[in-house]
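Chemist: This is what each chain is made of:
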Amino acid sequence: MTKLWHVAWHEYQRHVFKRRFVLIGLLSVPLIILVMVGLIYLVLSLDINTTPLGYVDYSGLLKDALPAPAPEPPDRPVPVLPFETEAAARSALDAGQIQAYFVLPADYLSTGRLSVVHLGALKDPARQQFYNFLTANLLRNTDPLIANRLVKGAEIIVQTPDGSRSVSSKNWFNVLVPIVAGIAFIIAMFSTGGYLMQAVVEEKENRTMEVIITSVSPNQFMAGKIIGDTAVGLTQIFLWMLFIVIPILALRNTMSFLRGIQIAPQTLLLMAFIMFPAFILVSALMAAIGATVSEAREGQQMVSMLSLPIWIPYMLTGSLMGNPNSPLALGLSLFPLTAPLTLLLRDGLTILPAWQIALSALIQVLCAAGAIWLAGRAFRLGMLRYGKRLKWREVFARNQP
Amino acid sequence: MPAVELSHISKSFGPIKAVDDVSFSIEKGELFGLLGPNGAGKTTSLRVMLDIFKPESGSVDILGGPMNESKKDHIGYMPEERGLYQDIPLDRCLAYLGSLKGLSPTEVKERAAVYLERFDLTASKSKKVKELSKGMQQKAQVIATLLHQPELLIVDEPFGGLDPLNTQMVKDLLFEQHQKGVTIILCSHQMHQVEELCDRIVLIDHGKVMLYGALDDIRRQFSGHAVTVRTSDKIPALKGVERIEPINGAVKLHLAMGTAPQEILRSLVAQNVTLEQFEISMPTLDEIFIRVVQGEGAPA
Numbered sequence: 001m002t003k004l005w006h007v008a009w010h011e012y013q014r015h016v017f018k019r020r021f022v023l024i025g026l027l028s029v030p031l032i033i034l035v036m037v038g039l040i041y042l043v044l045s046l047d048i049n050t051t052p053l054g055y056v057d058y059s060g061l062l063k064d065a066l067p068a069p070a071p072e073p074p075d076r077p078v079p080v081l082p083f084e085t086e087a088a089a090r091s092a093l094d095a096g097q098i099q100a101y102f103v104l105p106a107d108y109l110s111t112g113r114l115s116v117v118h119l120g121a122l123k124d125p126a127r128q129q130f131y132n133f134l135t136a137n138l139l140r141n142t143d144p145l146i147a148n149r150l151v152k153g154a155e156i157i158v159q160t161p162d163g164s165r166s167v168s169s170k171n172w173f174n175v176l177v178p179i180v181a182g183i184a185f186i187i188a189m190f191s192t193g194g195y196l197m198q199a200v201v202e203e204k205e206n207r208t209m210e211v212i213i214t215s216v217s218p219n220q221f222m223a224g225k226i227i228g229d230t231a232v233g234l235t236q237i238f239l240w241m242l243f244i245v246i247p248i249l250a251l252r253n254t255m256s257f258l259r260g261i262q263i264a265p266q267t268l269l270l271m272a273f274i275m276f277p278a279f280i281l282v283s284a285l286m287a288a289i290g291a292t293v294s295e296a297r298e299g300q301q302m303v304s305m306l307s308l309p310i311w312i313p314y315m316l317t318g319s320l321m322g323n324p325n326s327p328l329a330l331g332l333s334l335f336p337l338t339a340p341l342t343l344l345l346r347d348g349l350t351i352l353p354a355w356q357i358a359l360s361a362l363i364q365v366l367c368a369a370g371a372i373w374l375a376g377r378a379f380r381l382g383m384l385r386y387g388k389r390l391k392w393r394e395v396f397a398r399n400q401p
Numbered sequence: 001m002p003a004v005e006l007s008h009i010s011k012s013f014g015p016i017k018a019v020d021d022v023s024f025s026i027e028k029g030e031l032f033g034l035l036g037p038n039g040a041g042k043t044t045s046l047r048v049m050l051d052i053f054k055p056e057s058g059s060v061d062i063l064g065g066p067m068n069e070s071k072k073d074h075i076g077y078m079p080e081e082r083g084l085y086q087d088i089p090l091d092r093c094l095a096y097l098g099s100l101k102g103l104s105p106t107e108v109k110e111r112a113a114v115y116l117e118r119f120d121l122t123a124s125k126s127k128k129v130k131e132l133s134k135g136m137q138q139k140a141q142v143i144a145t146l147l148h149q150p151e152l153l154i155v156d157e158p159f160g161g162l163d164p165l166n167t168q169m170v171k172d173l174l175f176e177q178h179q180k181g182v183t184i185i186l187c188s189h190q191m192h193q194v195e196e197l198c199d200r201i202v203l204i205d206h207g208k209v210m211l212y213g214a215l216d217d218i219r220r221q222f223s224g225h226a227v228t229v230r231t232s233d234k235i236p237a238l239k240g241v242e243r244i245e246p247i248n249g250a251v252k253l254h255l256a257m258g259t260a261p262q263e264i265l266r267s268l269v270a271q272n273v274t275l276e277q278f279e280i281s282m283p284t285l286d287e288i289f290i291r292v293v294q295g296e297g298a299p300a
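So the protein lines, in turn, are chains Z and B.
Each residue of the first sequence is one higher than the one before, counting from 1 in this note's numbering.
Each residue of the second sequence is one higher than the one before, counting from 1 in this note's numbering.
With the rest of the complex left out, here is chain Z (with noise of 0.2 Å):
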């Protein structure tokens, strides 16, 4: 048993310590997510024009003007300049300094009605700064809390019968947290995955396999193997996780769409049922094939076949979304390689029913047991077949040598 963990140590130290891990091993992820966001961030940022809007108040209601309420990061304010006239204010902004000038008729509090004037696009941020300045302004007679809750509106919350779950219209950042997840997960299965085909590959490569199969039984050497490369995965995700969570504690405070980040405990549920052992399948497959490949370049293109399914589930994102209950996810669902994502996917989206997590984990759990098994066969037929391929048929063939 104490050369398992000896393999399972090698395995892991021989990865986790190596410049090339820290380097795309862990930075790989988060530096994806910082550029996603720096990129949503700079496509918002050129959306906000902070030059100064206009208007030309007809009504008397903004007459001696409350300032608009401070937008949320990352609005900018942009300031709102009263003009006397319509001259005035068309001048100024042909004169590029406001972006836009809006005119409040003096029937405005009849109708409704009022008009803009711009000369380039007015974007929706200036024109919604625009909007609760106006609002804050009509309400400023009412009862401050009453206000307050006028310009901010509701959160509508959307429930279960069972008050078991919940989903706020203010954390919908909440539905992407496990489809990031699941793709923090999947990328860490197959770099893990990746590693221990290699190995298996390598010590084909390098000759080391018949030196180590006199010392240890190729079972204990395989479930080392794994146990060590999965110990890598979870290295991974834990940082990965410690490199998101805390950019968010720590901008909490200046962007508030953070402060309702939260992972449903069923989430976790789901990640420790279905993942787990979908991380020892995909493990155990890439094992395999390591073990049926004479070099790691015809490896690689096994993989590639193998992770086709995995993903299938966020090519038909769209219909899963339309429908999270359709057959069609129900049986992605099942599907061992498709299921980690389709059940991730549709747990923002749904009230998944327990069977179908209770059924699923089963199968991922088999099929993970049985990917194990074929794993340790692959390897005993393929350990010393060097420079050729083990065929599958020899895997599955009855008679063994």
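Think of the hints as simulated: they come from the structure by calculation, not from any bench.
Just so we're clear, the structure is a prediction, and the values are computed from it rather than from any experiment.
Don't be surprised by glycine CBs; every beta carbon is placed ideally from N, CA and C.
Hints should not be assumed to be uniformly reliable.
[As the list claims (entries may be wrong)] With a cut-off of at most 25 Å between alpha-carbon atoms, the simulated SDA-like pairs for lysine to any residue come out as follows:
id	chain 1	residue 1	chain 2	residue 2
1	B	109	B	177
2	B	109	Z	9
3	Z	123	Z	152
4	B	54	Z	20
5	B	127	Z	9
6	Z	18	B	287
7	B	127	Z	16
8	B	130	Z	13
9	Z	18	B	54
10	B	180	B	25
11	B	134	Z	361
12	B	127	Z	23
13	B	128	Z	123
14	B	54	Z	370
15	B	54	Z	13
16	B	130	Z	299
17	B	125	Z	13
18	Z	123	Z	108
19	B	109	Z	13
20	B	71	Z	152
21	B	128	Z	16
22	B	125	Z	152
23	B	130	Z	152
24	B	71	B	181
25	B	54	Z	123
26	B	171	B	287
27	B	171	B	137
[Claimed, not checked] The following residues of chain B were derived to be distant from chain Z, with all beta-carbon distances above 10 Å:
id	residue
28	24
29	37
30	59
31	60
32	82
33	86
34	87
35	116
36	160
37	195
38	200
39	217
40	236
For chain Z, the structure is supplied; the task is to place chain B on it using the hints.
Modeler: Frame of chain Z; chain B shown alone:
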């Protein structure tokens, strides 16, 4: 009780019978030679012995019974296809391989230090294995095989890729292990090395045992076909001599089948030839090997 006993083992790969009804045993503390031409079935026999391959028939007893996991810690195996982890430093590679043989980190460190010093590898212990020369890697492989002080040492072509100096070093090391009572199986096709080191051998060809026993007995079995004669006189024509071959101032008389050396001796004495030396020529293992492999077989 023999250290290793193979009893009627057979092993095929598809239509090819790699090992066919092979039986031999190796006594404890013996330095035993496993010989055969390339592709004869030597390595397959070793792999069956080590339980890497399951035989279709026959049985293997190793260190007093069938192979099991705990016995692996008492066996040192250096395969013909050398294998070390290329991407890690030499000392870490030895530490890992030692740990798989049940050694503690301290034991590995202490024992590795001695061997690294002896093999002149101390300065290279922190280098990655792939940065070492082929000869250095070969020496490192020898260290990995001996680190756990095995009871049974199986070395497959241990001199391949070594220069004469390192060949002698490995030879000395094997002899030293033999002196300590370690059972050694030396698998090779370098006959002179086996001849120098081993007391008993088995010769396998086409998966079958062709010769098996004490080296002296085998050579004696193959002797009698020639005699070496040293004399200052001219060798007369002798009945039963097929060919006369001069060797280092002497002559080797190749005898016809059915001619006994004693008859030649009698003829020489009868013809008043002054004999300085008369001995039955013992064939070298190389000669025996060639004769057996070429199908001449052992003499009746």
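Chemist: Identify every previously stated hint that the structure contradicts and give their numbers, smallest first.
Modeler: Of the numbered hints, 4, 6, 9, 11, 13, 15, 20, 22, 23, 25, 32, 33 and 34 do not hold.
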